[in-house]
Amino acid sequence: MDTDYIIITNNPFVASEYGEDHLVDYQEESFISLLQRVQRFVYEGHELLSHPLSGSVKPKETLYKSVLIAKKVAGLDLSSLKLIDSSIETCEKFHYKEETNEKNLEDMRFVDYTLISSAIASADV
Amino acid sequence: MKLEMGHINIKDVQFGSESKIADGVLYVSEDALRQVVLEDEKLKSVSFDIAKPGESVRITPVKDVIEPRVKVEGQGGIFPGVISKVGTVGSGKTYALKGMAVVTAGKIVGFQEGIIDMTGPGADYTPFSKLINLVMVIEPIADIKQHQYEKAVRLAGFRAATYIGELARELTPDETHIYETCTMKEGLEKYPELPRVAYVQMLQSQGLLHDTYVYGVDAKQTLPTILNPTEVMDGAIVSGNCVSACDKNTTYHHLNNPVITDLFAEHGKTINFVCQIITNENVYLADKERSSDWTAKLCKMLDLDGIILSQEGFGNPDTDLIMNCKKIEAQGVKTVIITDEYAGRDGKSQSLADADAAADAVVTGGNANQVIILPKLDKVIGTMDYITKIAGASDETLREDGSLEVELQVITGATNETGFNRLSAR
Amino acid sequence: MAKLKAVHYINQFFAQIGGEEKADYPAELRVGEVVGPGLAFKQAFGDELEIVATIVCGDSYFNENLDKAKADILAMVKEQAPDVFIAGPAFNAGRYGVACGTICDCVQQELGIPAVTGMYIENPGADMFKAEVLTVATKNSAAGMKDAVAKMAPLALKLAKKEEIGVSSQEGYMPNGIRKNFFEDERGSKRAVNMLLAKLAGKPYTTEYPMPDFDRVDPVPAIKDLAHATIALVTSGGIVPKGNPDHIESSSASRYGEYDIDGVDDLTEETYETAHGGYDPVYANEDADRVLPVDVLRDMEKEGKIGKLYHNFYTTTGNGTAVASAKAFAEEFSKKLVADKVDAVILTST
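Protein chains in written order, with the numbering used here: chain R, 1 to 125; chain S, 126 to 551; chain H, 552 to 901.
I should point out that these hints are in silico values taken from the structure, not numbers from a laboratory. Check the hints yourself; a few may be wrong.
Short derived list, chain S residues pointing at chain R, Cβ under 8 Å [unchecked claim]:
| no. | residue |
| --- | --- |
| 1 | Tyr152 |
| 2 | Leu333 |
| 3 | Asn407 |
| 4 | Asp479 |
Covered stretches of chain H, as calculated for chain S (at least 3 residues, CB under 8 Å) [to be verified]:
| no. | region |
| --- | --- |
| 5 | 731–745 |
| 6 | 750–758 |
| 7 | 809–818 |
The list that follows gives simulated cross-link-like pairs (lysine-lysine, DSS-like), each with its CA atoms no further than 25 Å apart [said to hold, decoys possible]:
| no. | chain 1 | residue 1 | chain 2 | residue 2 |
| --- | --- | --- | --- | --- |
| 8 | S | Lys210 | S | Lys276 |
| 9 | H | Lys750 | S | Lys315 |
| 10 | S | Lys451 | R | Lys82 |
| 11 | S | Lys394 | H | Lys741 |
| 12 | R | Lys103 | S | Lys167 |
| 13 | H | Lys741 | S | Lys223 |
| 14 | H | Lys690 | S | Lys451 |
| 15 | H | Lys690 | H | Lys709 |
| 16 | R | Lys103 | S | Lys451 |
| 17 | S | Lys127 | H | Lys690 |
| 18 | S | Lys276 | S | Lys169 |
| 19 | S | Lys459 | H | Lys741 |
For each residue, glycine too, the CB sits at the ideal point set by N, CA and C.
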C-alpha cells in the first residue's frame, strides 16, 4: 500500500502485522534508541505524525514504541523537532525496567501495536 | 435538564442467600452475582470478596472502580449504550449507593493497573480506602486475546454494578441533591450578570488500556462536543482506561466527577455553569490539533468567560493539555487547568512533558513519582504476582520484610486529575 | 539537654560598622555575641536555640576574596560546631545576598551543617542558591525584618532539631523547583473552582505549578546588507576605560557604562581594563579587545565588510547582576541604539 507515512518501530509485532502493506522501518533496539532514531529522521526533514510518548504507559514501563513519520522530506519542521527533543528529555527521568517474561513482553508489544494502530487509522483517512 | 440524585448510604456489605438492601446493609448473593458476571463466556470464573476501610487488606491488580446506581425515573438507563440501551440520560431521578463500590480485579496484561490498600500509609492516597469494596477477581478462559479480556472484564463490572444498583430501586434515599442546568437561552435570561463557565474534560483515547467510552462510542472516534453535566451522573462516560493507576479516571471518578459537583455548587450564585465539553487525547498529531482547535472554537461559540480543564494521564496528553489551554486562552476565555506531575523521585525534573506561559492557573494532584513504603498487609485480594510489573514499581519493589517500595503511581486514584483528592505539591 | 547552637552571618552594614565605605571589612568572628538582626532571632528562638557566635564580613571583601573568605569563615564555623547556620536576611542587597547564598551552600557542603538564609525574590543570590539552600522570601528592604525573622526562625529551629521541612508554600521559603507533595485542606476541584472565580474577577491567585520560565525572544530577520549596516558593541564582560571612572561594580552591578570609542581603533592595556570580578582579569586587562572586539570591527569597517561601528559601546558586569537590572539597563540604552539607527548589536559575555 502506498502510504505517505513510514512506521518507525522496534516492535517485531508491529513489523510483522504491518510489514507487508506498509512502509515499516524496524530495528531491534531499546526504547530510547528508537526515539533517537526518530530524532535523526526529524533532523533530516521528516515531519512527525504521531506523538513519541504514548498515553500513560510511561516510557521505560514498556520496551516497545512505534512512531509515524511523514515519508516526504519537507525540510526541518520546528514543532516536530521540539516534540522529539522534549520527548527524549522526558524519558530521562523514568526508572528503567528490565523484562524477561515472554508473556509480559508479548503484552507490551500488543499494547504498542494498538496505540500505533489508532494513529494509523487516523493517518489512513 | 434536571436530575434528582438520591443517595442511599450503605453502612455494610455482606454475602447472603438473597441479594437485597435492608437498613443500609447490602446483602449480595454470590451465586446470583456470579451468574451475572459469567454471562460472558469469555470469562471462566470469578471470586468475590469484601474489603472494608481500616482492614489490613490490599487489593491488586485493580482495573476499574464503579459505583452502583439505578435510574428510577426519566429517560434512559444507567451506562447508556453500554449496559442500557442508547438513550439520553441525565434527567429524572437516579439513586446512587454511597459508601461502597464494585472493584474489578484480575490480570489483563503484563503491566498492571493498581493497588488499593485499605489501611496504612497507602490508604491515605486513595479515596477507595474509605469505601466498602465488593471486589470481583475475574479469570478469563484460556487463549483469549488481551483486548477481548479487557472488554469482558469492563462489561462484567458494569453489569455487576447495574445488578446491585437495581436493588435500590424501591428504596427511599437518605439525602437528595438536585442538579439543574439551563438551555443557552434560559441561562442568558436567568443569569445575565454571571460569568459563563464550562467544564472541559479531556478523555484518554489511545488504544488498548487507554480508552474511554461515551454512550458506548470509543472516544478516539469522537469530535469535541457538548454534554449536560448531569449526563455523566448516569454513566454516559465510562472508563476502559487502565494506566496509570494514579491518574486514570475510574468509572467511579466519571460518575462522581468533583469538578461538576463543585461547579454546580456555584451555579446561579457566582457563575452560570453552562455545560460540559468533552474532547479526546489521540496519538495522531493532526487529531490533537483538530480536537484542540475544535474545543477552543466551542468555547468561543458558547460565549464562555472561563473554563476548568482537566486532563487524563501523562506524557502525550500533556501536549493536548497545553494545546487546549493556549488555544482557549487565545479566544479570550480564562482557563484553570488540573493536572498531575511526574517530577521524578527527587522532585527535581520538569513536571509536565509540555509547557506554556498561557497555563498560568494550575491545580496539581501531586507528584506521582514520590516514593512510598507500603507495609506488608495481612490479606491480598487478587494476586501479588504482578506487583513488580505495575507502572511505578520495579524489581526492587518487594523488600525483604514484605513491604513494598513503590511510587505513588501504583495507587489507584492517587494523583487524580479531576481534582478528586486533597493531595497537591509545591 | 544542651541548648541547640546557631552561628549567624551578617554584613558590615547590619553589624553597624558602616555602609558601602566599610564593605571591605574582613571576616571576623565574634564569639558569644548576638549582633543586629541576631537579636530578633534570639527572641524568636527562646530557650530552644542559642546564637553562640556571629560572623561579620564586608560584602566587597567576601565577593572579591572569595577563596580566602570562604576558607576563613568555614574554619570559624567548624570551630563553633553549630546545629544550624543562618545568614542574613539580605533583602535586596545583591552582593550581600550572593554572599549569604554562597557561604550557606559552602557550610552545607563542606561541613554538613544545615543552613537557612533570606532575601528578596529578585536578589541575584536567590536564583543562584535557592535550589541548594533554604531561602526565605523577604520584603525588599530592612523594613521587612520582622516578617523575615518570623519566617526564618522556625525554619532554623526545624533544621537544628533535624525535623522534616514541609512544603515551600507553608514554610515560607522560595519554591526551589523541588516538588514536594502535601495534603491541602480542600480537594483539587474546589481549589480549581476558587482559582477560576478569582481569575474571572481579576483578583490575585497563585498557581500551584508555575510553568518553567522560557523567556523566549523571537529572533529578528537577518541583516540583508551588512556592508551598509551600523553595528554596535555591548558587553556584560565589564570592559571599562582604565580606572573604571564610573565605578561599575565587580559583581551585582547597579549601573552600566556608555563610552565613546570614536577614533579608537584598538583597546590597549593603558586605556582599557575589565571591572568584572567573576573571571581571571589578566588577559582582558592586557588586551580588552579580547572581550570587546573593537579592533576586529574597525578592520571590518575599513574593509567595507560592515558599514560602520557605532560610536558608543555599552558595558556592565554580568557577575551576579539581577535579571531585572540587566533588563532595565538594556531597555534604557537600546532606545538610543534604535534612535541612532543601529542595525545590529554584537553582545559579548564571559
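Restraint status (C-alpha distance of lysine 276 of chain S to lysine 169 of chain S at most 25 Å): Holds: lysine 276 of chain S and lysine 169 of chain S sit about 14 Å apart, inside 25 Å.
Restraint check for lysine 127 of chain S with lysine 690 of chain H, where alpha carbons must lie at most 25 Å apart: violated (52 Å)
Distance restraint between lysine 690 of chain H and lysine 709 of chain H, which requires alpha-carbon spacing of 25 Å or less: holds (22 Å)
Lysine 210 of chain S paired with lysine 276 of chain S [C-alpha distance capped at 25 Å]: holds (18 Å)
Given hint lysine 315 of chain S paired with lysine 750 of chain H - CA-CA distance at most 25 Å: holds (23 Å)
Interface hint for aspartate 479 of chain S, Cβ within 8 Å of any Cβ on chain R: holds (7 Å)
Chain R contact restraint for tyrosine 152 of chain S - C-beta distance below 8 Å: This hint is violated: tyrosine 152 of chain S lies away from chain R, its Cβ roughly 37 Å from the closest one there, beyond 8 Å.
Annotated coverage of the region 809–818 of chain H by chain S, confirmed only when three residues or more have a Cβ within 8 Å: Contact hint for the region 809–818 of chain H vs chain S: violated, 0 residues under 8 Å.
Given coverage of the region 731–745 of chain H by chain S, tested with a Cβ cutoff of 8 Å and a minimum of 3 residues: holds (count 14)
Given pair status - lysine 223 of chain S, lysine 741 of chain H, alpha carbons within 25 Å: holds (20 Å)
Stated coverage of the region 750–758 of chain H by chain S [criterion: 3+ residues, CB within 8 Å]: With 4 residues closer than 8 Å to chain S, the region 750–758 of chain H meets the three-residue bar; holds.
Holds or violated: lysine 690 of chain H to lysine 451 of chain S, with C-alpha atoms at most 25 Å apart: violated (33 Å)
Going down the numbered hints, you'll see the structure goes against 1, 7, 14, 16, 17, while the others check out.
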